[in-house]
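Counting from 1 along the sequence shown, just add 139 to a position and that's the residue number in the numbering used here.
None of these hints come from the bench; they were simulated from the model. Values in this document were obtained by computation on a predicted structure and should not be read as measured data. Glycine is no exception: its CB is placed at the ideal position from the N, C-alpha and C atoms. Some hints here could point you the wrong way.
What the hints assert, rightly or not - Mimicking EDC-like on lysine to aspartate or glutamate, the simulated pairs with C-alpha atoms at most 16 Å apart in a straight line are:
id, residue 1, residue 2
1, K392, D407
2, K310, E356
3, K163, D407
4, K397, E420
5, K364, E322
6, K274, E287
7, K286, D329
8, K217, D227
9, K424, D390
10, K424, E389
11, K163, E406
12, K403, E413
13, K357, D328
14, K387, E420
15, K397, E380
16, K286, E322
17, K392, E423
18, K350, E380
19, K217, E180
20, K392, E427
21, K357, D320
22, K184, E150
23, K286, E323
24, K274, D329
25, K392, E420
26, K268, D227
Said to hold, decoys possible - Derived CB-CB ranges, DEER-like:
id, residue 1, residue 2, range
27, E307, L247, 29 to 39 Å
28, L432, K216, 51 to 61 Å
29, K310, R165, 28 to 38 Å
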Amino acid sequence: MEARAEGNREEEARWANVIGDIYKRRGEYVEALRWLRMDYEVSVKHLPQRHLLPSCQSLGEVHLRLGQFSEALTYQKKHLQLAKESDDLVEQQRATTQLGRTYHEILLRSENDHSAIRNAKKYFKSSMKLARTLKEKSPSQKSSFLKELIDAYNNMGMLELELDNFEEAEKLLIQGLKICDDEEVNPYDDTRTRLHHNLGNVYTELRNWNKAKGHIEKDIEICRKIRHPQGEAKGFINLGELHSRVQKYEDAKLCYNKALQIAKCLEDEDALIEQILQNIETVEKAAEVLEELKKDEQKLKKTCQRYF
Numbered sequence: 140m141e142a143r144a145e146g147n148r149e150e151e152a153r154w155a156n157v158i159g160d161i162y163k164r165r166g167e168y169v170e171a172l173r174w175l176r177m178d179y180e181v182s183v184k185h186l187p188q189r190h191l192l193p194s195c196q197s198l199g200e201v202h203l204r205l206g207q208f209s210e211a212l213t214y215q216k217k218h219l220q221l222a223k224e225s226d227d228l229v230e231q232q233r234a235t236t237q238l239g240r241t242y243h244e245i246l247l248r249s250e251n252d253h254s255a256i257r258n259a260k261k262y263f264k265s266s267m268k269l270a271r272t273l274k275e276k277s278p279s280q281k282s283s284f285l286k287e288l289i290d291a292y293n294n295m296g297m298l299e300l301e302l303d304n305f306e307e308a309e310k311l312l313i314q315g316l317k318i319c320d321d322e323e324v325n326p327y328d329d330t331r332t333r334l335h336h337n338l339g340n341v342y343t344e345l346r347n348w349n350k351a352k353g354h355i356e357k358d359i360e361i362c363r364k365i366r367h368p369q370g371e372a373k374g375f376i377n378l379g380e381l382h383s384r385v386q387k388y389e390d391a392k393l394c395y396n397k398a399l400q401i402a403k404c405l406e407d408e409d410a411l412i413e414q415i416l417q418n419i420e421t422v423e424k425a426a427e428v429l430e431e432l433k434k435d436e437q438k439l440k441k442t443c444q445r446y447f
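Please construct the entire structure, taking both the sequences and the accompanying hints into account.
Right under this line is the structure:
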């Protein structure tokens, strides 16, 4: 790197972070880590502590995406500590959001982990409070911290969904969409995809199939438009789940295969591919059981006709 050759450590760290971020956006998380660690090492050895903020934030996010929760929490807590020491509310808001997401993911993997529930709620509430404070501090700049506030509603809604508080989740997510509409957020902004994604899940659980389908299809449409393949794949997984719930197993299989096709084009998404393959296997077994039940029903009808 030219910056390294010139001895410009700040530029060296910045470019390592930029390159790491490019790999992260592509879904190439292992390669992203290599560059982000380079950024972190240069910042620790040669730069003032404030330069560690973006480094810790990026490393925490990538470790989270790789499911490496212990490492993610280490960097995220360091990020929050540095943000508090420098009285930086913006970075505190980012750090609390990430910590909430990590504890939420831990909850998804372990179920009924009361410590994860408590911590996810604590950090998501703190994140929402900080986002609201930051937005109120900059009323002249319409878009300032609006996205963070909407994401905070989404994160709280997502957590309530996981805790089976479906009506509360619905309220929070609908409020997020209302803010999007009131503030005239672009119809294809990525902030909206997360709300539609989670509302699709909420309405699936509430067995409101039409509303669920509408939100899931909107999520897929936006993800396709903004070229967010991970989101598009997850949208098709949700649509497959919806079809499966109403015993439309062939439609479910088609959706899962679309998700698989997208996921196979991504780097470092082995867990997502494994999830899709398991879903396909489950649907195929369910379709076989349904077919057997139909055959048994026909046999029973014929038997009844003979006797009556």
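Between K397 and E380, is the straight-line Cα distance small enough, at 16 Å or below? Given pair K397, E380 holds - Cα atoms ~13 Å apart, limit 16 Å.
Taking 16 Å as the top limit, are the C-alpha atoms of K392 and E423 close enough? holds (8 Å)
Take a quick look at whether K274 and D329 sit within 16 Å of each other, Cα to Cα. violated (19 Å)
Just tell me: holds or violated, for the beta carbon distance of E307 and L247 against 29 to 39 Å? violated (18 Å)
Regarding the pair K357 and D328, is the alpha-carbon distance no greater than 16 Å? holds (12 Å)
For K274 and E287, compute the direct alpha-carbon distance and say whether it is at most 16 Å. Measuring from Cα to Cα gives roughly 9 Å; hence the hint holds.
What's the verdict on K392 and D407, does the C-alpha distance respect the 16 Å limit or exceed it? Not OK: K392 and D407 at ~23 Å, beyond 16 Å, violated.
Would the pair K163 and D407 pass a check requiring their Cα atoms to be no farther apart than 16 Å? The hint holds at about 10 Å.
What's the verdict on K364 and E322, does the C-alpha distance respect the 16 Å limit or exceed it? The hint is violated at about 21 Å.
Could you tell me whether the CB distance from L432 to K216 stays inside 51 to 61 Å? Between L432 and K216, where Cβ atoms are some 52 Å apart, the hint holds.
Take the C-alpha atoms of K217 and D227, compute the straight-line distance between them, and say whether it is at most 16 Å. The given pair, whose Cα atoms are some 14 Å apart, holds under the 16 Å limit.
Compare the distance between the alpha carbons of K217 and E180 with 16 Å, and conclude whether the hinted pair is satisfied. Satisfied, since the Cα-Cα distance of roughly 14 Å is no more than 16 Å.
When each numbered hint is compared with the structure, violations occur for hints 1, 2, 5, 24, 27.
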